[in-house]
Amino acid sequence: ARMASLRAFVALAIHLSMPFHQMDVEAAFLNAKMDVELYMDVPKGYTPRRGRNSLRMCRALYGYKQASRLWWQEFDRHARQLGFEPVDAENCVYVRVREAGDMTYLLLYVDDVLIASPSQAAIDEVKDELAAAWSMTDLGEAKFILGISITRNDAGALLSQTAYIDSLVHRFPLSTNRP
Numbered sequence: 003a004r005m006a007s008l009r010a011f012v013a014l015a016i017h018l019s020m021p022f023h024q025m026d027v028e029a030a031f032l033n034a035k036m037d038v039e040l041y042m043d044v045p046k047g048y049t050p051r052r053g054r055n056s057l058r059m060c061r062a063l064y065g066y067k068q069a070s071r072l073w074w075q076e077f078d079r080h081a082r083q084l085g086f087e088p089v090d091a092e093n094c095v096y097v098r099v100r101e102a103g104d105m106t107y108l109l110l111y112v113d114d115v116l117i118a119s120p121s122q123a124a125i126d127e128v129k130d131e132l133a134a135a136w137s138m139t140d141l142g143e144a145k146f147i148l149g150i151s152i153t154r155n156d157a158g159a160l161l162s163q164t165a166y167i168d169s170l171v172h173r174f175p176l177s178t179n180r181p
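Residues 3 to 181 (the numbering used here) are what the sequence shown spells out, left to right.
Be aware that one or more of the hints could be misleading.
Unchecked claim - Using 25 angstroms as the maximum straight-line C-alpha spacing, the simulated DSS-like pairs for lysine-lysine come out as follows:
{"id": "1", "residue 1": "Lys145", "residue 2": "Lys35"}
{"id": "2", "residue 1": "Lys145", "residue 2": "Lys129"}
{"id": "3", "residue 1": "Lys67", "residue 2": "Lys35"}
{"id": "4", "residue 1": "Lys67", "residue 2": "Lys46"}
Unchecked claim - Now the in silico label distances, taken between C-beta atoms and shown as ranges:
{"id": "5", "residue 1": "Ala13", "residue 2": "Ala102", "range": "22 to 28 angstroms"}
{"id": "6", "residue 1": "Asn155", "residue 2": "Arg82", "range": "32 to 38 angstroms"}
{"id": "7", "residue 1": "Ala29", "residue 2": "Ser162", "range": "17 to 23 angstroms"}
{"id": "8", "residue 1": "Glu143", "residue 2": "Pro50", "range": "46 to 52 angstroms"}
{"id": "9", "residue 1": "Gly53", "residue 2": "Asp130", "range": "42 to 48 angstroms"}
{"id": "10", "residue 1": "Glu127", "residue 2": "Leu57", "range": "36 to 42 angstroms"}
{"id": "11", "residue 1": "Pro88", "residue 2": "Ala157", "range": "44 to 50 angstroms"}
{"id": "12", "residue 1": "Arg4", "residue 2": "Thr139", "range": "22 to 28 angstroms"}
{"id": "13", "residue 1": "Leu57", "residue 2": "Ser169", "range": "34 to 40 angstroms"}
{"id": "14", "residue 1": "Ala102", "residue 2": "Thr139", "range": "29 to 35 angstroms"}
{"id": "15", "residue 1": "Ala134", "residue 2": "His17", "range": "26 to 32 angstroms"}
{"id": "16", "residue 1": "Thr153", "residue 2": "Ala91", "range": "32 to 38 angstroms"}
{"id": "17", "residue 1": "Leu57", "residue 2": "Ser137", "range": "19 to 25 angstroms"}
Simulated from the structure, these hints should not be mistaken for laboratory data.
All residues carry an ideal CB built from backbone N, CA and C; glycine is no exception.
Whenever a hint applies, use it, and build me the whole structure from the sequences.
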């Protein structure tokens, strides 16, 4: 998902007064199976079977150029099995419509998943469905995602990137510079 899609997702959830929760997929890229036959050199300290000088990769590894695509394909396949369909404008934002017309939304951003629905029960159901497929950390109601702090109030919500800006100031010596 693009950053604009994330902002639109949050704005939609706030506009419709929906709670939205966040989950983190642990070692997301390792959940994706390779779609090509690929071999790698034996890492130092590992002793392969006799006569072998390389290892076949069965799972995508971080750093492999196709790892993101393979993980997205794995997530997309599972989301569709759960009844979610990607929206036309963004293939990492999904919607599931139930018989009663209730809608549940998913947003995938690398290994972070946002879930929004008018019903807390629907959110919990999706959390359980995703946790059954992958090892995940339930982060509860979304408060901080991708450097954006989210504070909900009666009037809506406040989105702030203060923490991200502070990290940039500390990362690059900008504190003594003048505008």
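Taking the hints in turn, this is what the structure says about them:
In summary, the hint linking Lys145 to Lys35 is not supported, as the alpha carbons are separated by about 32 angstroms, beyond the 25 angstroms threshold. The hinted pair formed by Lys145 and Lys129 meets the criterion: a straight-line CA distance of about 17 angstroms does not exceed 25 angstroms. The straight-line distance between the Cα atoms of Lys67 and Lys35 is roughly 14 angstroms, inside the 25 angstroms bound, and the hint therefore holds. For a cut-off of 25 angstroms, the pair hint linking Lys67 to Lys46 stands: about 22 angstroms separates their Cα positions.
For the hinted restraint 22 to 28 angstroms between Ala13 and Ala102, the CB-CB distance of approximately 24 angstroms keeps it satisfied. Range check, Asn155 to Arg82: about 36 angstroms between beta-carbon atoms, so the 32 to 38 angstroms window is met. Under the hint 17 to 23 angstroms, the C-beta atoms of Ala29 and Ser162, about 30 angstroms apart, miss the expected range. Here the CB-CB span from Glu143 to Pro50 is close to 47 angstroms, well matched to the stated 46 to 52 angstroms.
Separation of Gly53 from Asp130 is about 46 angstroms and conforms to the stated range, judged on CB atoms against 42 to 48 angstroms. One distance hint, 36 to 42 angstroms for the beta-carbon pair Glu127 and Leu57, holds here, with the actual separation near 40 angstroms. Distance hint check for Pro88 and Ala157: the Cβ-Cβ separation is about 32 angstroms, which falls outside the suggested range of 44 to 50 angstroms. A hinted range of 22 to 28 angstroms holds for the C-beta pair Arg4 and Thr139, which are about 24 angstroms apart.
Distance hint check: the CB atoms of Leu57 and Ser169 are about 37 angstroms apart, consistent with the given range 34 to 40 angstroms. Checked against the hint of 29 to 35 angstroms, the C-beta distance between Ala102 and Thr139 comes to roughly 30 angstroms, which is consistent with it. At roughly 31 angstroms, the beta-carbon separation of Ala134 and His17 lies within the given 26 to 32 angstroms, and the hint holds. Restraint check, Thr153 to Ala91: a C-beta distance of roughly 27 angstroms breaks the suggested window 32 to 38 angstroms.
Taking the beta carbon of each, Leu57 and Ser137 are about 23 angstroms apart, inside 19 to 25 angstroms as hinted.
Checked against the numbered hints above, the structure breaks hints 1, 7, 11, 16 and satisfies the rest.
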